[in-house]
Amino acid sequence: MTVRTRFAPSPTGYLHVGGARTALFNWLYARQHGGTFILRIEDTDEKRNTEEARQVIYDGLNWLGLDWDEGPDKGGPFGPYQQSERSDIYAKHLAVLEAGGHLYEDNGAIRFRSPRKTVVVEDLICGRIEFDMSNPATHPDMTIRRPDGSWIFHFVNVVDDIEMKLTHVIRGEDHLSNTPKHIELYNALGVTPPKFAHIPLILNTEGKKLSKRDGGSSITFFMDGGYTPEAVANYLCLLGWSPGDNRERLTMAEILSLFDLAKVNRRNAIFDLDKCFWLNGQHILAMSLARFAELAKPFVDKAGIAYGTDEALIQALAIVKAKVKHLSDVPDWIAFLFSDEFSFDPEAVEKSLKKPGALGRLKALEASLLTVSDWTHVTVEAALKETALALGVKTGELVHPARVAVSGRSVGPGLYEIFEVLGKDRTLARFERARSLAAE
RNA sequence: GGCGCAUUCGUCUAGGGGUUAGGACACAGCCCUCUCAAGGCUGGUGCACGGGUUCGAAUCCCGUAUGCGCUGCCA
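For the first sequence, our numbering assigns the number 12 to the initial residue and increments by one for each residue that follows.
One or more hints might be untrue.
Stated by the list, open to error - If you anchor each label on the Cβ, the simulated ranges turn out as follows: (1) 76 - 447: 50 to 56 Å; (2) 157 - 301: 49 to 55 Å; (3) 405 - 354: 25 to 31 Å.
What the hints assert, rightly or not - Below 30 Å or equal to it, Euclidean Cα-Cα: the simulated DSS-like pairs (lysine-lysine) are: (4) 365 - 286; (5) 366 - 435; (6) 396 - 362; (7) 274 - 223; (8) 396 - 365; (9) 206 - 220; (10) 334 - 365; (11) 85 - 128; (12) 336 - 374; (13) 219 - 286; (14) 396 - 435; (15) 435 - 362; (16) 308 - 365; (17) 103 - 128; (18) 85 - 223; (19) 396 - 332; (20) 206 - 192.
Keep in mind that the hints were calculated from the coordinates and are not lab data. All residues carry an ideal CB built from backbone N, CA and C; glycine is no exception.
Required output: the full structure, derived from the provided sequences and hints.
Listed below in structure tokens is the structure:
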């Protein structure tokens, strides 16, 4: 039987990181088994059913690199893939339950009569759990349809999973206690339940279920905040799962080959933004320049940096790639390379340019650089070091004022790389301009 | 309240009867170094508690505590 998994979010207008991880685990499981990954929109609550809200989910999943085989926008053999359009299907199954004598009316709502037996859940992650459902006081009969005819989650969720032929239901642990109720429904409908796997929840720094109000609870936060999809997906996997060999940075291909649903632990995890941030830097460091450019360009464009050609942009990106931690920081890191209109950090000026003798050293370096014909980071480095030697000063004595002269700051990419990207003329022009700021 | 699940450094985790309890983030110091990063080295902090079982328990069992979840005509 071919594996079929699904991600079934409610279109609330944002994609929760917990939901994203659930989607990721479902996607991984399906892809590992040559199965089918389905996207189903659970919009029984009409208010939530907007095109924009669905788009946020599509965008988030796409961004993470999770593609689905069947869904509202893709179609498929068991559609429609939005619950708001499946009322006839639910009515059909309601009739089956009705015929089986499983239903009764309560103030206009329809309830399912529990068989009142012990239900065993065999969970792929949590193991075997027995639920004693015999006491109606503690496990009341669930409502499956409201008086106004609208449907309740538990029922439509089960019906859809049956209709869409799900083989594995991988979802948050908050549904573990709902599972016996769902199994009662499967039994009443005469269907063998799918395999269940309940994954631990993601909590905020207070240890509470991560909610909309928590910073970083939405995938949009990471998309806009300059995180790479590879880092976020990687980090999400590491919450509750480990490759077991002390490795942290993993590519999606590696995760695909190593991930094992059965090895997912049962502990809720607190989302640690610091580590996600670190992982982001690690991925940026490891990724190709082309990929970095692809990811960084939207941020650069949004900042309105006039970089001219793509080649020029890539040349600039190459010298900041190893330093940048957030894609959103890129514009600030490269802006001075494309405009002379940068500001001088007063502190940097004070520390380097106002240092006694800075002007003389700058002039000496300028003279030396003037003679460099084949202008590359290698030749300018040689020129600078020769100058330092001739002056009898440490290279830092030249590097620091030069850095401030050409960039206005004390931190940035490697100085020689900056020189190379700037080119000889612009470098020297900036030296000249900085003279007025330098101390004798 | 009832039911379910969980409990290893601050955080994420490895380890599932005998380990100096390992790694990562964060933090501190040092090295490297043109800055910032990266990288390298070093350091501190941890098996919730109490009982068992056992020659031996972080590991198995039972309790307690704590946390989270469910207990909706939310999903």
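- Does the structure keep residue 396 and residue 435 at a Cα separation of 30 Å or less? 17 Å, holds
- Straight-line Cα separation of residue 435 and residue 362 no greater than 30 Å? 25 Å, holds
- Honestly, do residue 76 and residue 447 meet the 50 to 56 Å range at C-beta? 51 Å, holds
- Query: Do the alpha carbons of residue 103 and residue 128 lie within 30 Å of each other, as the hint requires?
  - Reply: 26 Å, holds
- Message: Hint check: residue 396 vs residue 362, CA-CA at most 30 Å. Holds or violated?
- Response: Roughly 21 Å between the alpha carbons, so the hint for residue 396 and residue 362 holds.
- Message: Against the 30 Å threshold, does the CA-CA distance of residue 366 and residue 435 hold or violate the hint?
- Response: Roughly 25 Å separates the two Cα atoms, so the pair holds.
- Query: Honestly, do residue 405 and residue 354 meet the 25 to 31 Å range at C-beta?
  - Reply: 28 Å, holds
- Task: Please test the hint of 49 to 55 Å on the beta carbon pair from residue 157 and residue 301.
- Result: Since the Cβ atoms of residue 157 and residue 301 sit about 53 Å apart, the hinted range of 49 to 55 Å holds.
- Message: With the threshold set at 30 Å, check whether the alpha-carbon distance from residue 219 to residue 286 stays at or below it.
- Response: With a Cα-Cα distance of about 19 Å, the restraint between residue 219 and residue 286 holds, given a limit of 30 Å.
- Message: Check the hint pairing residue 365 with residue 286 against an upper bound of 30 Å on the C-alpha distance.
- Response: 39 Å, violated
- Message: Against the 30 Å threshold, does the CA-CA distance of residue 85 and residue 128 hold or violate the hint?
- Response: 41 Å, violated
- Under the criterion that the straight-line Cα-Cα distance not exceed 30 Å, is the pair residue 336, residue 374 satisfied? 35 Å, violated
In this structure, the hints that do not hold are numbers 4, 11, 12 and 16, in rising order.
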